[in-house]
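Peer 1: When you get a sec, could you build the whole thing from the sequences and use the hints?
Here are the chains, one letter per residue:
Number of protein chains: 2
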Amino acid sequence: MNWPIFAIIISLLSFLVAAYFYRWVNALPTADGNLASIGKLVRDGAYTFLKTEYRVLLKFIGVVVFLILLFYPAPIWMGKPLDNITMAVAYVAGSVLSAIAGWIGISIATIANVKAATAARNGIQTSFMAGFRGGAVMGMAVVGTSLAGASILYLLTKHSEIVLAFSFGASSLALFAKAGGGIFTKTADIAADLTGKVELGIPEDDPRNPAVIADNVGDNVGDVAGMGADLFDSNIASIAAAIVLAAPLGQVDLIFAFGGFGLLSSIIGVLVARVGKKGNPGRALNNGTYITTAIFAVMTFAATLYFGFEMRLWLATFIGLMAGTVIGFTSELFTSDSGKPVALVAEASKSGPAFTIITGFSYGLLSSFPAILGIAVAALASYKVCEPLGAGYPLLGISLAAVGMLSIVGMIISNDAYGPIVDNARGLAEMGGLGDKVLEITDQLDAAGNTAKAITKGFSIGAAGLTVIALLAAYQEIVRSKTGEILSFSILDPLVFFGLMTGIAVPAVFSALLMMGVSRNAQRMVAEIHRQFDEIPGLREGQVGVLPDYTRCIDIATVGAIKELIPAGLMTIIATLAVGFIGGVSAIGGFLAGNITAGLLLALLMSNSGGMWDNAKKFIEAGNFGGKGSDAHKASVIGDTVGDPFKDTAGPSINTQITVVSLVASLSASLFMAFSIFG
Amino acid sequence: MNWPIFAIIISLLSFLVAAYFYRWVNALPTADGNLASIGKLVRDGAYTFLKTEYRVLLKFIGVVVFLILLFYPAPIWMGKPLDNITMAVAYVAGSVLSAIAGWIGISIATIANVKAATAARNGIQTSFMAGFRGGAVMGMAVVGTSLAGASILYLLTKHSEIVLAFSFGASSLALFAKAGGGIFTKTADIAADLTGKVELGIPEDDPRNPAVIADNVGDNVGDVAGMGADLFDSNIASIAAAIVLAAPLGQVDLIFAFGGFGLLSSIIGVLVARVGKKGNPGRALNNGTYITTAIFAVMTFAATLYFGFEMRLWLATFIGLMAGTVIGFTSELFTSDSGKPVALVAEASKSGPAFTIITGFSYGLLSSFPAILGIAVAALASYKVCEPLGAGYPLLGISLAAVGMLSIVGMIISNDAYGPIVDNARGLAEMGGLGDKVLEITDQLDAAGNTAKAITKGFSIGAAGLTVIALLAAYQEIVRSKTGEILSFSILDPLVFFGLMTGIAVPAVFSALLMMGVSRNAQRMVAEIHRQFDEIPGLREGQVGVLPDYTRCIDIATVGAIKELIPAGLMTIIATLAVGFIGGVSAIGGFLAGNITAGLLLALLMSNSGGMWDNAKKFIEAGNFGGKGSDAHKASVIGDTVGDPFKDTAGPSINTQITVVSLVASLSASLFMAFSIFG
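Chains as they are written, first to last, in our numbering: chain A, 188 to 866; chain B, 188 to 866.
Some hints could be false.
The list that follows gives simulated cross-link-like pairs (lysine to aspartate or glutamate, DMTMM-like), each with its CA atoms no further than 25 Å apart [as the list claims (entries may be wrong)]:
#	chain 1	residue 1	chain 2	residue 2
1	A	Lys-384	B	Asp-393
2	A	Lys-527	A	Asp-630
3	B	Lys-815	A	Asp-630
4	B	Lys-537	A	Glu-386
5	A	Lys-750	B	Glu-534
Computed spacing ranges between beta-carbons, pair by pair [as the list claims (entries may be wrong)]:
#	chain 1	residue 1	chain 2	residue 2	range
6	A	Ser-525	B	Met-758	26 to 36 Å
7	B	Gly-816	A	Val-733	35 to 45 Å
8	B	Val-385	A	Val-385	14 to 24 Å
9	A	Gly-526	B	Asp-736	35 to 45 Å
10	B	Gly-388	A	Val-385	21 to 31 Å
11	B	Lys-750	A	Leu-764	49 to 59 Å
12	A	Thr-670	B	Ile-192	46 to 56 Å
13	B	Asp-736	A	Gly-810	36 to 46 Å
14	B	Ile-864	A	Leu-458	42 to 52 Å
15	B	Gly-816	A	Gly-816	20 to 30 Å
Not close to chain B: a few residues of chain A, all C-beta gaps over 12 Å, as computed [stated by the list, open to error]:
#	residue
16	Thr-344
17	Asp-393
18	Pro-435
19	Leu-626
20	Ala-709
Treat the hints as calculated values from the structure; they're not laboratory data. Ideal Cβ positions, reconstructed from N, Cα and C, are used throughout, including at glycine.
Peer 2: Next up, the structure:
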């Protein structure tokens with residue numbers, strides 16, 4: 188069996204499924220009236236953002252390609268120039284494929300939102316399917332392109348570091364897509380809420396609000412394209428790290444086999460997912476995840492027996508899969524609107540917004556514990572399970588746990604992209620005047636999306652954690668393969684300690700820069716909205732035919748997002764290079780460890796407390812503690828606004844930041860060995 | 188020269204200075220009217236809390252003594268029983284001496300507050316001196332008892348682990364004093380503000396408010412006794428770690444010499460500190476710190492030359508001293524009310540409380556960077572400086588950097604205890620009706636206290652960071668001395684990694700429990716205040732002769748503080764033991780590293796963002812962005828309330844938590860070696 192070829196075949200299959208879903212969704216009817224034209228505004232806005240983002244990215248890629256040609260994997264005057272060229276090509280392939288997957292995702296998401304809104308007139312079933320299959324196009328495209336890309340590159344070069352460069356290309360894109368999209372979406376969301384709901388008292392998604400289209404665009408660019416790029420990146424990074432560690436042991440086939448089976452399970456999962464006439468969409472999404480998980484476990488177990496893979500390696504993969512499920516489950520427990528923490532945050536709001544914040548923040552800190560413990564146990568268990576296989580295997584075991592956790596990523600992305608599509612459908616139904624019955628159904632679909640999102644976030648943070656340990660191990664392996672020296676990364680080595688300390692500061696500074704970016708950009712957009720209400724006659728009163736200038740708000744969000752993102756991105760890369768050139772390879776080991784630990788803590792804290800504040804507000808709006816308009820509600824709205832950049836900008840961008848840092852470090856290993864002050 | 192004897196003599200000198208200051212302050216006049224009786228209420232309240240705290244502590248100590256007798260340093264049936272008895276005695280001595288120092292501190296602070304209020308009638312000079320010399324009694328008592336205790340114990344036993352047990356005794360007390368006092372003070376502060384300022388619109392320190400005495404008691408038990416115990420603990424821990432590392436190298440004398448010179452410098456510093464008639468009290472405090480720093484540097488340099496100590500060891504100490512100054516300075520930069528971050532947080536408040544929170548939180552994250560970098564550089568530099576001296580010296584260098592940073596701790600505590608004394612003086616002047624001129628002067632003194640406090644916090648967090656690295660090194664040395672094995676604590680060792688991950692979760696869970704404790708307890712006290720306003724006729728209207736039931740509020744704060752603190756304290760100790768018994772000594776190494784890194788990050792974030800929110804409110808109250816009563820002001824009050832448990836409960840308690848964990852780990856090394864599942 189040629190397993191890379193197998194992975195490529197499964198990838199092609201996933202493209203067929205994506206194409207089928209694309210046509211299926213596209214063939215659904217669109218309601219008459221202005222729905223189509225509003226949908227087009229959202230679609231054009233999303234494309235505008237993507238184009239601007241990709242244009243800036245192109246410059247960034249240009250600079251990186253230049254540096255790769257000169258310095259990577261080794262300075263061109265010291266190594267083989269062909270290696271540098273291959274690596275540059277792999278890097279470009281990673282970013283371009285991820286960009287294409289993002290483009291496809293936005294393309295279908297901005298069709299599926301209109302279709303889901305239209306279908307909701309006839310009940311929940313088709314509307315759910317429009318949202319889910321729209322999301323699944325993204326899921327299939329992302330996993331298919333990433334797996335096919337890695338397999339082809341490996342087949343052609345047989346060089347594991349090349350796959351790392353491919354992964355770094357995907358990471359570069361993810362940094363722009365996730366952090367930039369996160370700033371965009373929260374800029375628009377906060378500005379729309381503050382001016383619309385708070386100042387004017389008009390409902391969410393009211394077409395008079397100049398930011399309303401930008402807000403809907405934000406769902407797409409932040410949650411569809413951004414999350415897709417993030418998981419593209421994590422998925423390929425976990426595979427790349429595993430390949431680096433598996434290569435010296437002759438176990439690369441297993442990685443492609445399991446990667447292929449993971450995608451195959453997701454294909455089956457998305458094909459069978461559906462909801463009954465009176466069905467529960469949340470349960471349908473979760474069932475899809477469980478079915479995919481079970482299929483993957485069974486298929487890989489059978490393949491391990493039949494093809495004679497190491498059973499212990501399968502077990503390590505399985506441990507990762509289970510840990511992912513547990514982490515996702517506990518995130519849901521903390522952020523679910525039927526859980527105790529959310530109810531307590533809502534109750535604290537009765538005493539004022541300060542208590543909303545303190546309580547949500549405290550539970551956010553607490554919520555980090557089970558996830559961190561889950562990662563710790565998964566790493567320890569997968570290591571110990573593979574220890575009897577001999578040197579090199581234990582660390583491969585950890586990397587397989589990461590692969591296992593991400594094996595069902597096709598399903599995860601499908602569930603995740605479903606959320607913004609049905610959220611958009613709700614907005615379009617409101618703006619297009621489709622009536623209260625439709626709003627009720629889209630609200631129900633939207634709530635299911637929120638729960639799925641909490642699980643996905645837990646999953647992706649956990650996966651990033653394990654992936655980065657695998658990357659750290661891969662880093663050690665690269666240094667070993669080049670120098671024969673096995674780095675021990677001892678904490679009491681002052682260079683390792685120096686790296687550890689600087690490593691913990693990076694995610695803190697990174698998330699601070701992103702959040703301040705959102706805050707500044709939202710203030711700019713609020714000023715623009717005030718201007719429009721002051722200068723456009725009849726807008727405030729809702730005079731028929733008077734429309735705000737939606738594009739100005741989209742432009743502000745776009746330009747601001749890119750502008751605010753660049754310092755954060757550059758800081759991350761420059762800090763990594765600075766630590767490497769000062770402290771050498773040992774310092775980088777500590778730096779990566781500090782980066783993972785602090786990054787996980789902050790990511791979990793911010794994602795989960797943000798989710799709790801959001802759902803505490805919804806819990807109060809559902810009629811608890813005084814309901815809408817009460818003091819508790821006002822307090823919870825403040826909590827929700829604080830949570831917006833926590834949970835949708837900074838929190839989930841930290842994943843990407845961690846991966847970028849690890850890949851820059853791994854690829855620069857040779858440089859750090861050759862040139863560093865203390866190392 | 189017998190250096191432990193030298194240290195004891197300097198300690199005795201510090202007691203003489205403390206006694207002199209005590210008498211000096213006590214001899215100042217007290218204003219007529221009800222000032223004395225209000226002062227007595229505060230004093231009695233503080234004693235009530237201390238007695239309750241010490242009673243609970245006694246039980247805790249009893250349990251620990253029992254465990255020490257059975258298991259430490261080695262199980263009694265495996266080692267020498269006399270060692271266990273000596274260790275138990277050292278443990279008790281540490282907690283009792285720290286308790287006595289705390290008692291003395293409260294005793295003088297609750298006299299000096301009345302005297303400072305009275306003296307403010309005649310201008311700033313004597314009032315400042317009353318506050319400062321009152322604080323200096325605490326400073327001298329804390330450093331004198333801790334240094335004398337360590338010196339006597341070492342002279343008697345010549346056993347470095349015994350000094351660790353002494354330090355653990357001090358830590359036990361610090362955990363209760365700092366975290367318990369922190370919950371007490373913020374419970375009262377938040378409840379008083381919410382009911383008084385927000386609901387009723389009565390000024391701060393209005394005697395009608397039932398929580399007003401508890402609020403003033405809180406300043407004493409949280410900021411005087413709590414901070415004193417915390418720095419007692421850090422100081423002795425740094426000395427203990429240094430002794431463990433210095434003993435095998437025959438360099439113990441140096442530790443006692445430098446400890447003695449540090450105290451001597453502080454004695455000179457507090458004796459010369461004073462303020463001119465129109466002088467600036469903030470500058471007077473800072474000048475005292477700079478003078479002490481300079482004297483210490485010069486004296487130790489001279490002693491190194493004269494007595495032939497290693498110059499490189501002096502340099503390591505000096506590096507720590509400088510790093511402490513830099514860290515203190517940058518904390519001040521971020522939290523000073525004349526700095527840019529505070530102005531930006533205040534400006535963001537114009538857009539509503541959510542922006543206050545987001546901006547303050549972001550700058551809090553940013554502020555962690557310079558301090559963390561300072562610690563990283565100090566550790567690296569002090570290690571490298573001592574590397575040429577041979578094996579063992581580099582880690583001793585790091586521990587000396589911690590000793591250097593804490594050398595001027597006598598001066599630091601004096602400055603720090605000054606703050607709550609003059610804060611109290613302001614409250615007493617308001618309640619005692621001493622008039623606006625007095626309030627103006629006490630406000631001025633209070634503002635200087637806030638600045639000094641920011642510097643102190645930066646200092647104590649930095650010192651805890653370095654101390655714990657030193658403790659980790661001490662831990663390695665203890666294991667080496669018992670087994671000959673040098674633990675490398677490699678990050679890729681799965682047990683170390685497991686420890687690292689669980690270690691980062693502990694400060695997160697610890698601070699979450701404390702903050703939730705404050706939130707719950709404040710809600711209880713708010714309910715009690717409402718009850719009193721409803722049930723005591725004439726109270727709300729301020730009828731002459733009608734007084735609230737102050738003691739009930741003090742009781743609620745006391746009982747609640749102890750109750751809420753216990754789970755957090757036990758969790759910390761149990762987590763350490765659990766990790767040790769599961770993963771053994773390697774896991775504990777990772778655990779300590781995770782604990783320091785996450786602890787530093789959270790402590791800096793919470794202390795600094797809390798300080799920024801506090802000062803942003805003051806900045807607006809000074810007339811900026813609309814001044815008192817504006818929307819920006821309301822938003823900043825919410826920020827300040829969120830910041831209260833951040834900066835005065837959770838943030839500074841993390842120091843203590845880190846030290847407790849390190850000491851439990853170090854003392855349990857033998858146990859973990861003998862009994863652990865994976866280790």
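Peer 1: If a hint holds in the structure, say so; if it does not, say that too.
Peer 2: These are the hints, each one checked on the structure:
no. : hint                               : in the structure
1   : A/Lys-384 to B/Asp-393             : 38 Å, violated
2   : A/Lys-527 to A/Asp-630             : 22 Å, holds
3   : B/Lys-815 to A/Asp-630             : 42 Å, violated
4   : B/Lys-537 to A/Glu-386             : 14 Å, holds
5   : A/Lys-750 to B/Glu-534             : 21 Å, holds
6   : A/Ser-525 to B/Met-758: 26 to 36 Å : 27 Å, holds
7   : B/Gly-816 to A/Val-733: 35 to 45 Å : 37 Å, holds
8   : B/Val-385 to A/Val-385: 14 to 24 Å : 20 Å, holds
9   : A/Gly-526 to B/Asp-736: 35 to 45 Å : 39 Å, holds
10  : B/Gly-388 to A/Val-385: 21 to 31 Å : 24 Å, holds
11  : B/Lys-750 to A/Leu-764: 49 to 59 Å : 50 Å, holds
12  : A/Thr-670 to B/Ile-192: 46 to 56 Å : 53 Å, holds
13  : B/Asp-736 to A/Gly-810: 36 to 46 Å : 38 Å, holds
14  : B/Ile-864 to A/Leu-458: 42 to 52 Å : 45 Å, holds
15  : B/Gly-816 to A/Gly-816: 20 to 30 Å : 24 Å, holds
16  : Thr-344                            : 27 Å, holds
17  : Asp-393                            : 20 Å, holds
18  : Pro-435                            : 16 Å, holds
19  : Leu-626                            : 27 Å, holds
20  : Ala-709                            : 8 Å, violated
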